[in-house]
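Undergrad: From just these sequences and the hints, can you work out the full model?
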Amino acid sequence: MSIETRTDDRERRTLVAASAQRARDRRLATRDLVLSIATPILLLVLWELCARVEIIDPRFFPPPTRILAAGWEMLLSGELWQHTAPTLMRLAVGGGLGALAGIVVGLLMGASRALNAALGPLFSALYPLPKIAIFPILLMIFGPTELPKIIAVFITTFFIMQINTVSGVWAIDRKLLEAGAAYGARGMDRFRFVILPGAMPFVFSGLRTATGTAVVVVTAVEFTGATTTGLGYLIWNSWQLFIPEKLYVGLVVIGLIGALVTTILSRSEKLLLPWRRER
Amino acid sequence: MSTASPSSAVVAEDVSKVFFSGTDPVWALEDFSLTLEPGSFTCIVGPSGCGKSTFLRILGGLEERTVGEVTLPAGEDRIPAAFVFQEHGVFPWMTVLDNIAFGLRMSGVGKAERLRTAREWLERVRLADFADSYPHQLSGGMRQRVAIARAFATGSPVLLMDEPLGALDAQTRMLMQEELIALWEAERKTVLMVTHDIDEAIILSDRVIVMSGRPGTLREDITVPFDRPRSFEIERDPEYSALRARVWDLLREDARTAEETA
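Chain order of the listed sequences is A and B. Residue numbers are given in the working numbering: position 75 of the first sequence equals residue 75, and the series is strictly consecutive. Residue numbers are given in the working numbering: position 156 of the second sequence equals residue 156, and the series is strictly consecutive.
Note that these hints are calculated values from the structure, not bench results. Careful, some of the hints might be misleading.
Unchecked claim - Think about it this way: if two alpha-carbon atoms lie no more than 27 Å apart in a straight line, the pair counts; the simulated BS3-like pairs of lysine-lysine are:
id	chain 1	residue 1	chain 2	residue 2
1	B	LYS111	B	LYS189
2	A	LYS270	A	LYS175
3	B	LYS189	A	LYS175
4	A	LYS175	B	LYS111
Since this is a predicted model, take the numbers as computed values, not measurements.
TA: Right, here's the structure in full:
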């Protein structure tokens, strides 16, 4: 009887200690979340105060509330959308088609030794060329239309996706390629059930890199004066006219676009590649 | 040699495999011949680098032979030989069920039929609750059960196993050996299995083929006398110890050489 009470007692104390440990872990997790949200808010507040009391020059660093007000005004007048829509279109068409072409060519090069021998060295040589440097040539060929801007984004995305996809195919475990062969996966079956899913993790990491680079290129292209629309133009023009609030609005919106696309990509990766979850 | 329906036997005649390491030719296999009776379980043991895996891969069509003849039983539209790899052989992007059904899907079996067969095998390897799981959610032993079920599910008359239990811990390995015996005794496929574990070879097989070091040649063809159905009970038989010692004697010299030249 007394032994039984003692074991009960010990079991209870162990459980209490375990719950305390769990409570501590949860507290730490909550603290991390609060910190990650509080830090940027704190910095914004600090910026606001410093600009108001003119510790920093409000002409260069207008307080966040004024940027927000300018943004709201531009939203209501339609000016913001007038610049956001063309940038989105260039990113979607140029980036979308570039990614698609890059993935397809990358898969074909990864699967075909001959194709890789023919195109691999050429693409590797072209890859480090700054794509923005050929923009004048594109302008020369296509004139001041949408086409050269879309092509600049297309080329950027294409190369990143092509290279990442080829690496993805090569990174597939040899055992899995052999398992595919041993169970009779040939031709399109091999492509669909082995090569494509095997390369997907690299395809997604390529898409994230390509998004960042495509946003840089579209902004740079819109800086050049080859257009009077787009967030890049908005930023550049606001600088020339010295309207820093609008400049910051352009900056924030382009940043949001990048963040949004990246979020969509990681969500769809979780959805499309459930076998990579929990890793 | 084989009297009973020689058409369904696996026959390899004078198979050699030579590859080049720099400018020097390396003989991985030299004039290796082997005939497997239909419905027999055969294990190949040999020192590392003796070409036992190479031979298995040649039979499975994963590697080209330099010279020699290989005959597999002619199946209808099925895969002539189903392969079980040591590890990492199941597709991480397919659920357990799709992995098991994969061979059937590749040989054009309709969806309803292949899923029914796959579910049946899922039951038989006690993974019914894991049909929709992905391989990374399973333990190493469970993953190998998927790999084994995938091979059996193809319905192929020949199974080629390349150290299928080699990456498992000792206890899981013994459990899996028992399971493999039971599955095979129920199915009686022609199995050729490469292993480096002498006990495993004796417990599982009807015949143990001992290979010499590189270049791989057949050193001894030993018939295992124990009755089936079998269990680990046979380890207590004095005949078992004698057999084990005999295989080890054959291997010892080559194993040491392989170890020192590796």
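Undergrad: Against this structure, judge whether each hint is valid.
TA: Comparing the hints with the structure gives:
1. LYS111(B) to LYS189(B): holds (24 Å)
2. LYS270(A) to LYS175(A): Cα-Cα ~25 Å, so holds.
3. LYS189(B) to LYS175(A): It holds: about 24 Å lies between the C-alpha atoms, which stays within 27 Å.
4. LYS175(A) to LYS111(B): holds (26 Å)
Of the numbered hints listed earlier, not one is contradicted by the structure.
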